[in-house]
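Asks: Sequence:
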Amino acid sequence: MVDSLSDTVRNDFKKNISGLEDALSQRINDAEKAILESSKAREAMVAGIGSMKKSVEKAQRRFSKTNNLEELRATMVEIFSDINRLKTANEKISSDISLVLHPNMSAVEAIERFASDLQRFAGTWERIARDIDQSITELCDDQTPSELIDLQNYISNQGFDKLVDNNLNAESE
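Residue 364 in our numbering sits at position 139 of the sequence shown; the count goes up by one each step and never skips.
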């Protein structure tokens, strides 16, 4: 039983440590991935915004020379379309970052779950330890054997105890 308890504790710890490591690794991997992707996307957005700003300035200069309103309108429609695309991309980045900031399970929650699981397992370990103690108690009977009590009662009922009492009294004098 003691070997079984030791094995149970060892296996429970291994399983829980493995689960904790997996949860923390997943948390870090997800965060790294989201941070890298959002960083790349934001860099691309900034480059695109710079290019769009130059397009607006160029369209503005051209309009001031030609007064061609249709050309300016077409450029602005294209730029607003690009701005909407960037807004949509930014919302996705924000959503991905939000998942990192508010994950299904944070590192703290992983530790709390680990500790909770250990407490739950400790209850099982305690029950097994109580069984061990109970088994030891049952095997260590310190009561007077009933056979000895029966023999003493038999001797007493037969009156033989009087012979012994007289003999013991004579020896002690």
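Calculated directly from the structure, the hints in this document are not laboratory data. For glycine and all other residues, C-beta sits at the position ideal for the given N, C-alpha and C. Keep in mind that a hint or two might mislead.
Label-pair restraints from in silico Cβ distances [said to hold, decoys possible]:
| id | residue 1 | residue 2 | range |
| --- | --- | --- | --- |
| 1 | Val281 | Leu261 | 47 to 55 angstroms |
| 2 | Val227 | Gln344 | 17 to 25 angstroms |
| 3 | Met226 | Asp390 | 42 to 50 angstroms |
| 4 | Ala272 | Asn329 | 31 to 39 angstroms |
| 5 | Ser264 | Trp350 | 19 to 27 angstroms |
| 6 | Lys387 | Thr362 | 34 to 42 angstroms |
| 7 | Asp390 | Ser231 | 32 to 40 angstroms |
| 8 | Ser276 | Leu326 | 43 to 51 angstroms |
Computed cross-link-like contacts, SDA-like style, restricted to lysine to any residue with a CA-CA straight-line distance of at most 25 angstroms [said to hold, decoys possible]:
| id | residue 1 | residue 2 |
| --- | --- | --- |
| 9 | Lys312 | Ile336 |
| 10 | Lys239 | Glu334 |
| 11 | Lys317 | Met277 |
| 12 | Lys317 | Ile274 |
| 13 | Lys240 | Ile336 |
| 14 | Lys239 | Ile322 |
| 15 | Lys312 | Ile322 |
Asks: Does each hint hold? Answer for all of them.
Replies: Hint check:
1. Here the CB-CB span from Val281 to Leu261 is close to 31 angstroms, at odds with the stated 47 to 55 angstroms.
2. For Val227 paired with Gln344, a C-beta distance near 22 angstroms keeps the hint of 17 to 25 angstroms intact.
3. Range check, Met226 to Asp390: about 48 angstroms between beta-carbon atoms, so the 42 to 50 angstroms window is met.
4. Restraint check, Ala272 to Asn329: a C-beta distance of roughly 33 angstroms satisfies the suggested window 31 to 39 angstroms.
5. Between Ser264 and Trp350 the beta carbon distance is about 47 angstroms. The supplied range of 19 to 27 angstroms is therefore violated.
6. A beta carbon spacing of about 39 angstroms between Lys387 and Thr362 agrees with the range 34 to 42 angstroms that was offered as a hint.
7. In this structure the hint that Asp390 and Ser231 lie 32 to 40 angstroms apart at CB is violated, the actual value being about 55 angstroms.
8. The supplied range of 43 to 51 angstroms is broken by Ser276 and Leu326, whose beta-carbon atoms lie about 30 angstroms from each other.
9. Of the pairs offered as hints, the one joining Lys312 and Ile336 is violated, with about 37 angstroms between alpha carbons and a cut-off of 25 angstroms exceeded.
10. Restraint check for Lys239 and Glu334: satisfied, since their Cα atoms lie roughly 19 angstroms apart, inside the 25 angstroms limit.
11. Distance hint between Lys317 and Met277 is fulfilled; the C-alpha atoms sit about 21 angstroms from each other, no more than 25 angstroms.
12. For the suggested pair Lys317 and Ile274, the alpha carbons sit about 17 angstroms apart, so the restraint of at most 25 angstroms is met.
13. Of the pairs offered as hints, the one joining Lys240 and Ile336 holds, with about 14 angstroms between alpha carbons and a cut-off of 25 angstroms not exceeded.
14. Among the hinted pairs, Lys239 with Ile322 is inconsistent with the structure: their alpha-carbon atoms are about 32 angstroms apart, more than 25 angstroms.
15. Using a Cα cut-off of 25 angstroms, the hinted pair Lys312 and Ile322 holds, with the two alpha carbons roughly 15 angstroms apart.
Hints 1, 5, 7, 8, 9, 14 from the list above are not met by this structure, while the remaining hints are.
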